[in-house]
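Peer 1: From first to last, the protein sequence lines are chains A and B.
All residue numbers for the first sequence refer to this note's numbering, where the first residue is 1 and numbers rise by one.
All residue numbers for the second sequence refer to this note's numbering, where the first residue is 1 and numbers rise by one.
Among the hints, a few may not be true.
[What the hints assert, rightly or not] BS3-like mimics (lysine-lysine), calculated; alpha carbons at most 30 Å apart, straight line: (1) K56(B) - K224(A); (2) K357(A) - K290(A); (3) K64(B) - K270(A); (4) K17(A) - K56(B); (5) K270(A) - K224(A); (6) K23(B) - K224(A); (7) K153(A) - K184(A); (8) K23(B) - K77(A); (9) K224(A) - K153(A); (10) K56(B) - K15(A); (11) K403(A) - K56(B); (12) K419(A) - K403(A); (13) K15(A) - K64(B); (14) K78(A) - K129(A); (15) K17(A) - K11(B); (16) K17(A) - K32(B); (17) K224(A) - K64(B); (18) K78(A) - K32(B); (19) K56(B) - K75(A); (20) K184(A) - K129(A); (21) K32(B) - K75(A).
Note that these hints are calculated values from the structure, not bench results.
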Amino acid sequence: MEQLHIVGGHRLSGKVKISGAKNAVLKLMAASLLVENECIIRNVPLIKDVLTMIEVLRGLGVEISWEDDAVLRIKPKKELYFSAPDELVREMRASVQVMGPLLTKVGKVKLFQPGGCVIGQRPIDLHLKGFQALGAEVIEEHGYVYAQAPKLKGVDIHLDFPSVGATENIMAAAILAEGTTVIKNAAKEPEIIEEQNFYNRLGARIRGAGTDTIRIEGVSSLRKTPIDYTVIPDRIEVGTYMLAAAITGGDVTLVDVIPEHVEALTAKLKEAGAQIIIEEDTIRVIARPKLSAIDVMVLPYPGFPTDIQPQMTAVMTLADGTSLVTENVFGGRFRYVDELVRMGANIRVEGRSAVVKGVNRLTGAAVIAPDLRAGAALVLSGLAAEGKTIIEGVQHINRGYEKIEEKLTELGAEIARVKE
Amino acid sequence: MNDQTIRFEPKDEERLEVRRILKEVCSALNEKGYDPLDQLVGYLLSGDPAYITSYKNARVLIRKVDRDQILEELIRYYMEREGI
Chain A
1 MEQLHIVGGH
11 RLSGKVKISG
21 AKNAVLKLMA
31 ASLLVENECI
41 IRNVPLIKDV
51 LTMIEVLRGL
61 GVEISWEDDA
71 VLRIKPKKEL
81 YFSAPDELVR
91 EMRASVQVMG
101 PLLTKVGKVK
111 LFQPGGCVIG
121 QRPIDLHLKG
131 FQALGAEVIE
141 EHGYVYAQAP
151 KLKGVDIHLD
161 FPSVGATENI
171 MAAAILAEGT
181 TVIKNAAKEP
191 EIIEEQNFYN
201 RLGARIRGAG
211 TDTIRIEGVS
221 SLRKTPIDYT
231 VIPDRIEVGT
241 YMLAAAITGG
251 DVTLVDVIPE
261 HVEALTAKLK
271 EAGAQIIIEE
281 DTIRVIARPK
291 LSAIDVMVLP
301 YPGFPTDIQP
311 QMTAVMTLAD
321 GTSLVTENVF
331 GGRFRYVDEL
341 VRMGANIRVE
351 GRSAVVKGVN
361 RLTGAAVIAP
371 DLRAGAALVL
381 SGLAAEGKTI
391 IEGVQHINRG
401 YEKIEEKLTE
411 LGAEIARVKE
Chain B
1 MNDQTIRFEP
11 KDEERLEVRR
21 ILKEVCSALN
31 EKGYDPLDQL
41 VGYLLSGDPA
51 YITSYKNARV
61 LIRKVDRDQI
71 LEELIRYYME
81 REGI
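The following block holds chain A by itself, in its conformation from the complex (with noise of 0.2 Å):
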């Protein structure tokens, strides 16, 4: 079992390179089930939840390996299964955006209801119900989900809510469908528009990513040449280590990131009182010992996001005043508070709202990451904390981040993986 020791105590100071998104990686590679030739992907982050969709993608007969660091080659097998291992999906919930892709290269899919964070509630009926407007009979029994369509038809779907995994699949399932698709109250990240341009570079029409409406034109084959993709940086990363810096009140440069993708997390940051400079693809962040404290209100992109909230809340234990966090997104988001308690930090979660009031010090602690960025959060305190804190449930770090340990070294934290 592997464990993270962080002593407290540093500030941290220096640049640090951005990885390739994930939450864009992932979907990526389960989009390459429809290449028709073979694809190259670049800036891919070496982390748990790519290795889990290498295998995701091998089950289904797909050829895949690593070209070099950060580059992977993918070539899908002519014939493709329609059901991927149980095991994985159960392991990794982004495993369920090959359902979109598979019904349309293959005509059906088969999957276990798949797993991930436990982070709330994320049912996948709006892909469901998606599926089925497109004209797919829908079956789920046995902890299956079971689709099949020989031929899907364009339609308009209003999504009840801007689901990114929904409006992702919708958006490849409809890719050859007969007609026209309207997808209304689309999510709008920034990974959808990835999606939208590698789909449009094999020969897709869909327009509209990025705005709450998007257009696929189906058409009726998919182009045979072979395409050399770069993925996006990860904000959630930049955002993790622009907080990173804040919590030690620190001087950071992030590299290689697009400072759009942030701008909730950077005008909260200015607010507390943090120095934020922005120049063409770098994000400087010069905290101050001690910033004040704010509110937060987690929305769908292009508001706070989600993923950063845990993050965002750490950095607030130590802010001057109360803070309150509210989560409009997931509502199992707050598992990691007592976790934060046990550092000495004075939160109390009512409802989708945590009030933090600001400590003058975390002290370090045995800790349990619950889930991915949760334990991004007690990296956050651990680094703030006076003391040692050990925390465990690294496997749900590995997921999302690549070479954290090693970067925060560089930065100048004291933090070691220690293999018990």
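Use these hints to put chain B onto chain A, whose structure you have.
Peer 2: What follows is chain B alone, placed relative to chain A:
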């Protein structure tokens, strides 16, 4: 009080800068296999630089001018060409 609407004309060098950036960005998009028209429309509508490739620094370049400047130049060009 002067209540007449005043029209501010962008300076020639600003317009030339927009055109230069558009050419370079379109060239980079073409080289990477994108349809520049689709990508620019997507960028202008959403404001998200993820539409623009990082190849040849195009993503940094496009952000040197505001989206409204780009749109204005495109519409101005069209109107001039069509005699509108």
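Peer 1: Next, verify each hint and record whether it holds.
Peer 2: Do the hints match the structure? See the list:
Between K56(B) and K224(A), the direct Cα distance comes to roughly 26 Å. Compliance with the 30 Å bound is thereby established for this hinted pair. Proposed proximity of K357(A) and K290(A) is supported: the alpha carbons are some 13 Å apart, at most 30 Å. Proximity of K64(B) to K270(A) is assessed by CA-CA distance (about 23 Å); at most 30 Å being required, the pair is judged to hold. Note on K17(A) and K56(B): the hinted pairing holds, with a Cα-Cα distance of about 19 Å set against a maximum of 30 Å.
Taking the CA atoms of K270(A) and K224(A), the gap is about 48 Å. The hint is violated against a cut of 30 Å. Between K23(B) and K224(A), the direct Cα distance comes to roughly 28 Å. Compliance with the 30 Å bound is thereby established for this hinted pair. Of the supplied pair hints, the one linking K153(A) and K184(A) holds, its CA atoms being roughly 17 Å apart against a limit of 30 Å. Note on K23(B) and K77(A): the hinted pairing is violated, with a Cα-Cα distance of about 39 Å set against a maximum of 30 Å.
Annotation: proposed proximity of K224(A) to K153(A) holds, straight-line Cα distance about 23 Å (limit 30 Å). A threshold of 30 Å between alpha carbons decides the hint, and for K56(B) with K15(A) the separation of about 23 Å falls inside it, so the pair holds. About 28 Å separates the Cα atoms of K403(A) and K56(B), which keeps this hinted pair within 30 Å; it holds. Among the hinted pairs, K419(A) with K403(A) is consistent with the structure: their alpha-carbon atoms are about 15 Å apart, no more than 30 Å.
A C-alpha spacing of about 23 Å is found between K15(A) and K64(B), which places the hinted pair at or below 30 Å, so the restraint holds. With a C-alpha separation of about 29 Å, the suggested pair K78(A) and K129(A) falls inside the 30 Å cut-off, and the hint holds. A distance of roughly 38 Å separates the Cα atoms of K17(A) and K11(B); the hinted pair therefore is violated under the 30 Å criterion. Between K17(A) and K32(B) the CA atoms are separated by roughly 24 Å; this keeps the pair inside 30 Å, and the hint holds.
About 36 Å separates the Cα atoms of K224(A) and K64(B), which puts this hinted pair outside 30 Å; it is violated. The suggested pairing of K78(A) with K32(B) holds, with an alpha-carbon distance near 26 Å, which does not exceed 30 Å. With a CA separation close to 27 Å, the supplied pair K56(B) and K75(A) stays within the 30 Å bound. Of the supplied pair hints, the one linking K184(A) and K129(A) holds, its CA atoms being roughly 14 Å apart against a limit of 30 Å.
Restraint check for K32(B) and K75(A): the C-alpha separation of about 20 Å stays at or below 30 Å, so the hint holds.
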